[in-house]
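A.B. asks: Residues per chain are reported as follows:
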Amino acid sequence: MLGLGADRLWADMNRLLALLFHQGVLDEQFVQLQQLQDESSPNFVCEVVTIYFHESEKLLKNLRGLLMEREFSDYKKMGIHLNQFMGSSSSIGAKRVRNVCVAFRAASEQNNRAGCLRALELLEHEYCYLKNKLHELFHIEQQRLLAAGVRYPMQN
Amino acid sequence: MGLKMQQGHHHSVAVRLNEQMGTKRGYTFIQANRAWLPKFLLLWIMVMAFLSTMIYNGMDADNRVRRKEVLGSMCDQRARMLQDQFSVSVNHVHALAILVSTFHYYKNPSAIDQETFAEYTARTAFERPLMSGVAYAQRVVNSERGNFERQHGWTIKTMEREPSPVRDEYAPVIFSQESVSYLESLDMMSGEEDRENILRARATGKAVLTSPFRLLGSHHLGVVLTFPVYKSKLSLSPTVQERAEATAGYVGGAFDVESLVENLLGQLAGNQAILVNVYDVTNSLDPLIMYGHQYQDGDMSLSHESKLDFGDPFRKHQMICRYHQKAPMSWTALTTAFLFFVIGLLVGYILYGAGIHIVKVEDDFHEMEELKVRAEAADVAKSQFLATVSHEIRTPMNGILGMLALLLDTELSSTQRDYAQTAQACGKALIALINEVLDRAKIEAGKLELEAVPFDLRSILDDVLSLFSEKSRHKGIELAVFVSDKVPEIVMGDPGRFRQIITNLVGNSVKFTERGHIFVKVHQAENTKAMVNGKVETCMNGGSDGGLFLSGGRQFKTLSGCEAADERNSWDTFKHLIADEEFHSDASRKMTTNEASEHVTLTVCVEDTGIGIPLCAQDRVFTPFMQADSSTSRHYGGTGIGLSISKCLVELMGGQINFISRPQVGSTFSFTAVFERCRKNLHSDMKKPSSEDLPSSLRGLKAIVVDEKPVRAAITRYHLKRLGIVVEVASNIKSTVAMFGKNGSPTSRNFQPDLVLVEKDSWMSGEEGGLNVRLLDWKQSANMFQLPKMILLATNISDAEFDNAKSAGFADTVIMKPLRASMVAACLQQVLGIGKKRQQGKDNSNGSFLQSLLFGKKILVVDDNRVNRRVAAGALKKFGADVECAESGKAALALLKLPHNFDACFMDIQMPEMDGFEATRRIRLMETNANELVNGGATDEGIIGKREWHVPILAMTADVIHATYDECLKCGMDGYVSKPFEEENLYQAVAKFFKSKPMRNL
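So the sequences go chain by chain: D and X. Residue numbering for the first sequence follows full-length UniProt numbering, starting at 1 and increasing by one per position. Residue numbering for the second sequence follows full-length UniProt numbering, starting at 1 and increasing by one per position.
In short, the hints are calculated from the structure, not lab data.
Restricting the straight-line Cα-Cα distance to at most 16 Å, the calculated cross-link-like pairs of lysine to aspartate or glutamate (EDC-like) are:
no. : chain 1 : residue 1 : chain 2 : residue 2
1   : X       : Lys877    : D       : Glu39
2   : X       : Lys877    : D       : Glu47
3   : X       : Lys647    : X       : Asp619
Note that this is a predicted model, so its numbers are computed, not measured.
Let the sequences and hints guide you as you build the complete structure.
C.D. replies: Rendered as structure tokens:
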């Protein structure tokens, strides 16, 4: 039964991933990331994504802070932040976040504050969605690993 | 969405550029004052008018001065003459007075009486032309009046001819000229004027004049001249009293001034022109007129006064002259001024026109400049757009390729493997195409340079075919390629461009063809020439009427049996070509390889049986963005730029492209291209093309191809030949079996087939069960240890047909067309069960090789982005590398101190503070300094000193633009890998550095 659970969890995980791919939340870069994970670095994906969350939250806070300033003019700094965000997002394969970043950057290059604010809201939304889904994914994976761990001695 | 944003973005770039230029745009003086131009013109006209008035006035003033001078001189002349004549008369009257005093008073008795006086004066009247007459009046004191009246016998009368009242003195006229005889006995002192005159004359002793008055006789204006006559001689300075005492009488004469002046003026020229008035101005306040009209007409503006001296100092006279008419308009002055004005006006207008023109030209110029800027901005935006979009496409494509690579790692059946490999090849071709799209800008700028690398033409054609195989299969079109044997295997040229042209042409054909075939044929140009010459007259576009009319029922000997636009590819000519080749094959093989000519010109034909190109659109097929008509893009999509690019490329390759097309029949595009022949020694180190090598395991096999269509059979044979298979062609199954029959007894020709390839059409049209029966029959009768494998060739096949075929004896396999050597090879290998293992091991080589390359290497990853850093480190660690990270250019500099601990460095380009370029530049600077130091010291030590510090630095970038790559190389980087990491790419970049080092030592 526990073995069956592991299989089900595996299927759940695949389904969730497929959904995320289908929605365009993630792209193949995430798969590549997963491939980098092997026995030598068992928590690689989790680790990278945690770094990503950490960095992104910082960047989002900065961006919001920049946009909320009364005399707002530092579009250049914002561009740097956005480039960072874009780079890390494409590294983990967070496609939709990345696309919003592109739009955001375009708006900031045009000094379009309203557009920036809209983009920021969208970005936060996308980011939250991604974060939730990835957490869900890791949760399932953890369960699966537990299940697999349980099954392991049974097989032996 | 990303695309939309990009468009917005590039629009903004254009706008921004525009604004920039707008502020910079310079205005000239005229441009700046354009609003003033009409005002300038008006001002100019006013100035001109003013100047011409000045000129007129100047000239007119001259005229007037001259006129005035003329008037003055005329007036003076008249005055002088009048004065002269007057004084002559006065002198004469004076002489008369002396005469009277001499002969009347000094002689006693008097020598003069009235008769004598009258006679004398009448005879001397010519001397006094101005005087109407003279008379002598005697001074009579009242006391003497009685004596006097008695003596003369008449009483003294007043002017009114009445007896004079009693007065102190009288001056009755005693002598008178006949013309004034009515004066006799009249008392001159009774008239007020005359009395005054007489008294004055007596007091001064000189001639005295009256003021002008109407004369008694003529009623003309006149003056009376009076001279005193003295009885005795006077002392030298007599007093008035003495003079009065001595006075005896008075000589008087009337000047008829009016007739006098009239006579005078009548004698002078120019009388008509001027008007003369003579005034008595003794009382300057009230000038009395002597001559002329009181109310003045004539030219009032100009007059001249001349003084007249008539000898009486008490009286003053003057003459005033005027012109009768006003000064006539000075036509010369007027014309001059007018002409000047007109010329000025014209000059002004010309200047104005020029100004307006300059303004207009400058406006146009600015407009053009603006348009130019806009166009340039659009160009920049386009490049950006291209770069971004192609990047956007690359990312998912990388995913696809990665997935396919993973898929190929798994256990696959041969068909699956083929599909996966095809997909991968297609994906790679697509990526390459995207890069080509980027290069399109270069074509337009004329910056495109063709590569010259050795490549295998046939495998490229196979690749292109594989790109379209799915589509053609879907549509049920036959897609085939044939390369003449004479075409060298390896040629030097630009494989990418060649592939681009072929892809474009075939792509078009696939797009516009619904039935029939698409046939790509490559010859050496010299081969086809003869044929072309022979056939040229039948190849007129749409002109071969016979074919058109008969096309309904006629079977054409083309690839699919459908009619093609260009008959050159039909079997009639094709067989000549093949026959020719076969005939020469052995002899020419050697000859061609030794051929002196370095160049080989190839003719490529792409024939289809599609909708053709409408005749009216045929002349603009190669114009960019032109499709046959607007509905084309609606139906078939596409931009229409492909053919124009192809044309450019073909021309760059030193060839020509043209086509023959007949609507509803099809089109045949053919082009020539010049390639260099590849020398043998280059073969060995040529990098093998990306497509798989053809396996050699099939070499020496024998096959029979059963196909009723000779062209198609020739193509099948071509592909099999490439695999080293010896091929015989049979037109139908019957003859095949017949052939088998002969071969069944292993005597004749020694041809025992290992394979029988049957075209689906031939099988379907042939007798259904015949083959099976015969095969069985043959199986039993023939004493062969191995039966030939039966293979069906099909363009498309339904499941039912497939089952049918299976039961009919084609259990072995079905090969789906289009045929490609590699695919055929894969299928045959599977059928024959050879070479599978080897194939599998090969595909994984990159990964393991990469592992062997990177294992144990110390690598520095520099990236400011933590996530990226971690991912890059993870990827490199996977291949066994020992990775260290740095988060900025500065940190990297600190770590990369000499001597180097690292075998390589991956450097992000975009970093705050110090970017990748800068960091690399500094590292290289440091290295060169160190190298110089070491080498400088080591020269005398010798050979060991030739060690150079150079750590390989690879850029990590998400950019795909070539400019970035150039920049990377410029600042001393060794290469670049795209981000996120891709195995293939990483492998290629890394292999460059680590290959040379011996692997085994690690």
